[in-house]
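There are 2 protein chains.
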Amino acid sequence: MAVDNGKMLAWALGREKAPLVLKNAKLVNVLSGEIYPADIAIGEGVIVGVGEYAGEEEVDLAGRFVYPGLIDGHFHFESSMVCPEEFAAAVLPRGTTTVIADPHELANVWGAEGIRYFLEATENLPLNVFFTLPSCVPATDLEDNGARLEAEDLAPFFTHPRVLGLGELMNVPGVLHRVPGVWAKIEEARRHGKIIDGHAPGFTGKELAAYRLAGVTSDHECTSPEEGRERLRLGMHLMLREGSATKNLLDLLPAVNRFNVSQCLLVTDDRHPDDLLEEGHLDHMLRLLVSHRVDPVSALQMATINTARYFKLWNYGAIAPGYQADLVVAEDLTNFKPYAVYAKGRLVASRGELVVPIPRSQAPLPGTRFEMAPLRPEQLKIPAGNSRRAWVIGLLPHQIVTKKLLLEVPVVNGCFEASAEADIAKLLVAERHHRTGTVGVGLVQGFGLKEGAIASSVAHDSHNLVVVGMKDEDMLLAAETVARMGGGLAVVAGGEVRGTLALP
Amino acid sequence: MAVDNGKMLAWALGREKAPLVLKNAKLVNVLSGEIYPADIAIGEGVIVGVGEYAGEEEVDLAGRFVYPGLIDGHFHFESSMVCPEEFAAAVLPRGTTTVIADPHELANVWGAEGIRYFLEATENLPLNVFFTLPSCVPATDLEDNGARLEAEDLAPFFTHPRVLGLGELMNVPGVLHRVPGVWAKIEEARRHGKIIDGHAPGFTGKELAAYRLAGVTSDHECTSPEEGRERLRLGMHLMLREGSATKNLLDLLPAVNRFNVSQCLLVTDDRHPDDLLEEGHLDHMLRLLVSHRVDPVSALQMATINTARYFKLWNYGAIAPGYQADLVVAEDLTNFKPYAVYAKGRLVASRGELVVPIPRSQAPLPGTRFEMAPLRPEQLKIPAGNSRRAWVIGLLPHQIVTKKLLLEVPVVNGCFEASAEADIAKLLVAERHHRTGTVGVGLVQGFGLKEGAIASSVAHDSHNLVVVGMKDEDMLLAAETVARMGGGLAVVAGGEVRGTLALP
Chain A
1 MAVDNGKMLA
11 WALGREKAPL
21 VLKNAKLVNV
31 LSGEIYPADI
41 AIGEGVIVGV
51 GEYAGEEEVD
61 LAGRFVYPGL
71 IDGHFHFESS
81 MVCPEEFAAA
91 VLPRGTTTVI
101 ADPHELANVW
111 GAEGIRYFLE
121 ATENLPLNVF
131 FTLPSCVPAT
141 DLEDNGARLE
151 AEDLAPFFTH
161 PRVLGLGELM
171 NVPGVLHRVP
181 GVWAKIEEAR
191 RHGKIIDGHA
201 PGFTGKELAA
211 YRLAGVTSDH
221 ECTSPEEGRE
231 RLRLGMHLML
241 REGSATKNLL
251 DLLPAVNRFN
261 VSQCLLVTDD
271 RHPDDLLEEG
281 HLDHMLRLLV
291 SHRVDPVSAL
301 QMATINTARY
311 FKLWNYGAIA
321 PGYQADLVVA
331 EDLTNFKPYA
341 VYAKGRLVAS
351 RGELVVPIPR
361 SQAPLPGTRF
371 EMAPLRPEQL
381 KIPAGNSRRA
391 WVIGLLPHQI
401 VTKKLLLEVP
411 VVNGCFEASA
421 EADIAKLLVA
431 ERHHRTGTVG
441 VGLVQGFGLK
451 EGAIASSVAH
461 DSHNLVVVGM
471 KDEDMLLAAE
481 TVARMGGGLA
491 VVAGGEVRGT
501 LALP
Chain B
1 MAVDNGKMLA
11 WALGREKAPL
21 VLKNAKLVNV
31 LSGEIYPADI
41 AIGEGVIVGV
51 GEYAGEEEVD
61 LAGRFVYPGL
71 IDGHFHFESS
81 MVCPEEFAAA
91 VLPRGTTTVI
101 ADPHELANVW
111 GAEGIRYFLE
121 ATENLPLNVF
131 FTLPSCVPAT
141 DLEDNGARLE
151 AEDLAPFFTH
161 PRVLGLGELM
171 NVPGVLHRVP
181 GVWAKIEEAR
191 RHGKIIDGHA
201 PGFTGKELAA
211 YRLAGVTSDH
221 ECTSPEEGRE
231 RLRLGMHLML
241 REGSATKNLL
251 DLLPAVNRFN
261 VSQCLLVTDD
271 RHPDDLLEEG
281 HLDHMLRLLV
291 SHRVDPVSAL
301 QMATINTARY
311 FKLWNYGAIA
321 PGYQADLVVA
331 EDLTNFKPYA
341 VYAKGRLVAS
351 RGELVVPIPR
361 SQAPLPGTRF
371 EMAPLRPEQL
381 KIPAGNSRRA
391 WVIGLLPHQI
401 VTKKLLLEVP
411 VVNGCFEASA
421 EADIAKLLVA
431 ERHHRTGTVG
441 VGLVQGFGLK
451 EGAIASSVAH
461 DSHNLVVVGM
471 KDEDMLLAAE
481 TVARMGGGLA
491 VVAGGEVRGT
501 LALP
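Here the protein sequences line up with chains A and B, keeping their order. Residue numbers for the first sequence, in the working numbering: 1 to 504. Residue numbers for the second sequence, in the working numbering: 1 to 504.
By construction, these hints were calculated from the structure, which means they are not laboratory data. Some hints could be false.
No copy is singled out in the list; a pair is fine if it fits within one copy or between any two copies.
List of simulated lysine-lysine pairs, DSS-like, C-alpha gap at most 30 Å [said to hold, decoys possible]:
#  : residue 1 : residue 2
1  : Lys344    : Lys381
2  : Lys312    : Lys344
3  : Lys450    : Lys23
4  : Lys337    : Lys7
5  : Lys23     : Lys7
6  : Lys194    : Lys450
7  : Lys381    : Lys450
8  : Lys23     : Lys403
9  : Lys194    : Lys7
10 : Lys471    : Lys381
11 : Lys194    : Lys26
12 : Lys23     : Lys471
13 : Lys450    : Lys337
14 : Lys194    : Lys344
15 : Lys471    : Lys344
16 : Lys312    : Lys194
17 : Lys404    : Lys23
18 : Lys247    : Lys450
Note that this is a predicted model, so its numbers are computed, not measured.
Starting from the given sequences, assemble the full structure and let the hints guide the process.
Shown next as C-alpha cells:
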C-alpha cells in the first residue's frame, strides 16, 4: 500500500523535491472516473503525490493523457512463443506494465521445474510479472502429458510474493465430484487467502453454482453475453478475452453494465507473436472497446484497477499516492498509442521504442524434452470398415469449442482419406513426453488445408505432437522434422519441408 | 469464500434438497446489477444455489424483493447508548445484518479491556459484528482521557478473525510528522494485511496525499462534495455518513458517479437511540438516497457489496453461492421496510419484529469508572478582565466542525455570563478518569438552551464530563448528579434535577 519512509512523506508534503515529477499531465483517474490536469510526483518507484509538485527531475508532458500501466489478468507466456524477456520487450512499449501469467503449458511439459524457471526468469524484469499456479497438470486424467502437479507440489509456491492464486481450474468435473486431489489444491489456495481462477466453458445452472460455491471467482472462457451474465450474477469476475485463436471481447460486451463493470477485466490468454507485433496487446483491446462506444475510462478500468483489485494487488492499477508508478503517457484515448511508458517509476519506453535494456535472466531453460517413439506409416491409417461416413471434428472460426459431425468421407483402399474439396484433413496426435508410442488419428473439417501437412508440438494442454495433413507421407515428414528440432512447428508439402520454427 | 462440504455441493447441484429454499424471490443482484426472479437455496448458513431449487423447508416469497443484508461500514456501539445485544435487537428488524464497529469511546475510558468486552459481548449475536481497532486513544496527546493504547496493546487483537483493521486514524499530524507511536500502529496493521480507516476533516492537498501515502484508505469525515471527490481521487473509499449529530449523506451525493460508486459506502458513525427507533438505521439512508433519485441497486451496493469488499469480507454483501445467507425480504425498493430478515441463514425478524432470542453475553461489563475530583463553584467563573468581548465556540447545525467567534458577552461581577437572548451558554469540561481536577470553561453559541443545565459523560473522544448551562448552580448540580450515577446524562433547571439517564 505504501512505504514507511520519511523521505517519501517529505516528497508528498512538498517539503523536499521529489526525484521525478511529470508536469502538466492530463490525469485519467480510474478511481474517481475523472480526467483533469495534474503533476505526478514519483520517488522510489512509487507515486508520492498528485497535484502541483516540483521535482529534482521534471518532465513536461504538455497536457498529454496519463493513465495507469495496463494489466493483463490472464495469459500464457508460452503462447507468445518467446522467452519472458522478449515478451516484456514486446508489450512494455504498448503500455502493458503488469501481467498475471499461468505457466500451464510449460508445467504440462516440465512440472514444477517449469514454474521455477518462470519465477526466476521474471525476477528482475521491468515488467511486473505475477503468477497463478497451474491447477490442472495434466488437464484431465485422460491426458498423456509430461508431468503431474499435485497439491503438495504446488504448496511451496503459494508463499511466493508473486504467486497470486490457483490458475484456471479446468477440471470442472473434478471439482463437482469432489476428487480429493483437485480439492486439496482448492484448499491450499484458500488457506493462503489466494484467489482461484476458473475455466468452465459451457457449464451453467446448478453445476456452475456448485463450481462457484467451491470458491472459483473468475472465468475467461465465456463466449456469449448469456454465459458472461450468468457468471457475473454468481459473483465471478468476467475476464473478457481477446487472444489470437479465441476472440470473445466484442461478443461479451453486451453483458457489461455500469453496475458490474468493476467485476470485468481484460485478458489476452493466448496471444501469438505476429498478433502481438502487428495488432498489439491490451492496447489493441482498448482500441476495440472505444471503437465500440465504450467510454475510455470504463475501458481503462477494465485494464487496470479492476484487475489489480481482483488479484488483491492493492498498490497497482491507479495513479494516486502509494500506488506503484506504472504509467502510460498518450496523445489520445482512442489510439492508446503510448508516447512514453514508465514502469516502477522509470522510463522504459518512448514513442513505441524500448529505452532500457532488459536484463537476461540466468535462469536455465528447462531444456529440450522431446521423447517420441518413431511413427510408422500404418499408424496413420483410419480403416473405414463398411462405412462411407465418419465422425469428423468440426472447427468453428475463432472459437475453442468444436462440433461433432458425421460426414461422407472419401475411402481409398478401405481407409478414410483427406479431401481438399470437402475441406477435410487428417489429424494425428502422438505422445512425445515418455516414448509411450500412443497415437490417435482422426478427421477434421474446416482447417482450410489444400495440400501437404503441418506439425506442431505446441498443442494445448498436454503439448503432444499434433499433425494435420492431406497426405500421410507429408504428415510423417512433418512429424519427424519437429521431433528432430526437439519441438516446434514444421510445414511440409509435396514431400519437402517448406518451413520450420524450432521452439525448444 | 465457501465451505468444502460434500453436502453443500450436493445441495448446490440439486442432488439433495437444501435445508431451506426461499421460493419465488425477486432477487436484487448487487453483483450483476440486475433484478430477476429466482429461488435461493440455503444450507449451513450459506447460500448454496440461486435458480430453481427444492428445499426441505420452502418459504414462498410471492415475488417479493430480496436483497443482501445491510452492512454499516463504520459506527460506534457507544453512540447507541445501549449494549451490543440491544443494538442488535434494534437494527436486525431493519435489515442491518453486519456492522463494523470501532470501540473508540469505550477504549478511551477502559483501554484494551473495553475492546475485549466488545469482542466477547458480540461473539454469539445473530448480528455479524466486526471491529476496527481504535487507533487514537487518546485522540491527541493533548487529551485527558482514561487510557492509552499503544501499538503493542493493539497487536494481539489484529489476529482476531473479527478484527478487520485499524480504526479512524484521527491523529493526522501524528501521521504526517512521523510520530513513532502512530507509525508503529500503521505498520502493525499493514503487517497483518488489514485496512486503515481515516478521519481527516479539513485536510486537503499535499497533507492529504501524504496521509494516503501512509496507507489510509477511507474517510468518513467529509462534509462537502469537494472533500469527497478529493478523497476518491486519491483512492480512498468515501464513507457517506448519516449519523444523529452529523448528517452528510446528501451533501456528499454529488461526488458519487458511476465510475467511483464502487468506492462509496454508507456508514452511520454516531446514531442515537431515538433516531435508531424512529428514523431507522441503514434503511433510513437507503430511503433518503432513493428519494433523491439514486437508483436502488446503486444505493444497495453502497450498503452491501462495496462495504464488504472494502473490508475484505469476501463472503458477505451479495446473494450468490458461497456468500453468507444474510438476506432482507421487502415489498418494495423505496421504503426498504423488511418483510423478513435472515441472518446466517436463519429467520431473525419478521414484519419489523425480532423473532429470535438475542443471547445475553456473559462478558462482564468493564463496570463503572468515574473518578472526578469534586467541582468548586469558583472553577466555573470566566473572568472578563477589561474586555466586553470573548471568544465563543460557534456551533453549526448537524456539523461536527465549529466556528471561532469573537462576540459581545454580558459581564456580571467581572465575569462573563450566559445569555439566553444571544443564545450563549457556558461550557465546562471536567476530567473524570483520574481525579486530576483539571477543568476547562468557555462559552458556546447556538446551543439553544434557555435556562438550567445539561451534563453528559458522553463526550467524544475522551468522555470527560461536559456541562452546558445558563446558571452556575444548575451546572454544578447537573455535574454532581452524573458523577453520582457513575456516568450518564442529567438535566437540571431552577435548582432541580429534571431528568437523568444513567449510562454506566
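Okay, the hints, checked on the actual structure:
Taking the closest pair of Cα atoms, Lys344 and Lys381 never come within 30 Å of each other, the shortest separation being 57 Å inside a single copy and 62 Å across copies. For a Cα distance limit of 30 Å, the shortest separation of Lys312 from Lys344 qualifies both inside one copy, at 18 Å, and across copies, at 26 Å. Taking the shortest alpha-carbon separations for Lys450 and Lys23, neither the intra-copy value of 58 Å nor the inter-copy value of 58 Å comes in at or below 30 Å. For a Cα distance limit of 30 Å, the shortest separation of Lys337 from Lys7 qualifies neither inside one copy, at 34 Å, nor across copies, at 53 Å.
Only within a single protomer do Lys23 and Lys7 lie at most 30 Å apart by alpha-carbon distance; the minimum there is 21 Å, versus 60 Å between protomers. Neither within a single protomer nor between protomers do Lys194 and Lys450 lie at most 30 Å apart by alpha-carbon distance, with minima of 48 Å and 61 Å respectively. Proximity of Lys381 to Lys450 under the C-alpha cut-off of 30 Å is restricted to the intra-copy arrangement: shortest distance 19 Å within a copy versus 105 Å between copies. In this assembly of identical chains, the alpha carbons of Lys23 and Lys403 never lie at most 30 Å apart, being 56 Å within a copy and 37 Å across copies at closest.
Taking CA atoms no more than 30 Å apart as the test, Lys194 paired with Lys7 passes between copies only; the shortest distance there is 24 Å, against 33 Å inside one copy. Taking CA atoms no more than 30 Å apart as the test, Lys471 paired with Lys381 passes inside one copy only; the shortest distance there is 11 Å, against 109 Å between copies. Within a single copy, Lys194 and Lys26 get their C-alpha atoms no closer than 35 Å, and across copies no closer than 33 Å, so neither meets the 30 Å cut-off. Taking identical chains as interchangeable, the C-alpha atoms of Lys23 and Lys471 are never at most 30 Å apart, the minima being 64 Å within one chain and 60 Å between chains.
In this assembly of identical chains, Lys450 and Lys337 lie within 30 Å of each other by CA distance neither inside one copy nor across copies; the values are 39 Å within and 69 Å between. Taking the closest pair of Cα atoms, Lys194 and Lys344 come within 30 Å of each other both inside a single copy (24 Å) and across two copies (24 Å). In the homo-oligomer, the alpha carbons of Lys471 and Lys344 never lie at most 30 Å apart, since the shortest distance is 53 Å inside one protomer and 65 Å across protomers. In this assembly of identical chains, Lys312 and Lys194 lie within 30 Å of each other by CA distance both inside one copy and across copies; the values are 9 Å within and 12 Å between.
Taking the shortest alpha-carbon separations for Lys404 and Lys23, neither the intra-copy value of 59 Å nor the inter-copy value of 39 Å comes in at or below 30 Å. For the homomeric pair Lys247 and Lys450, the shortest alpha-carbon distance inside one copy (25 Å) is at most 30 Å, but the shortest distance between copies (74 Å) is not.
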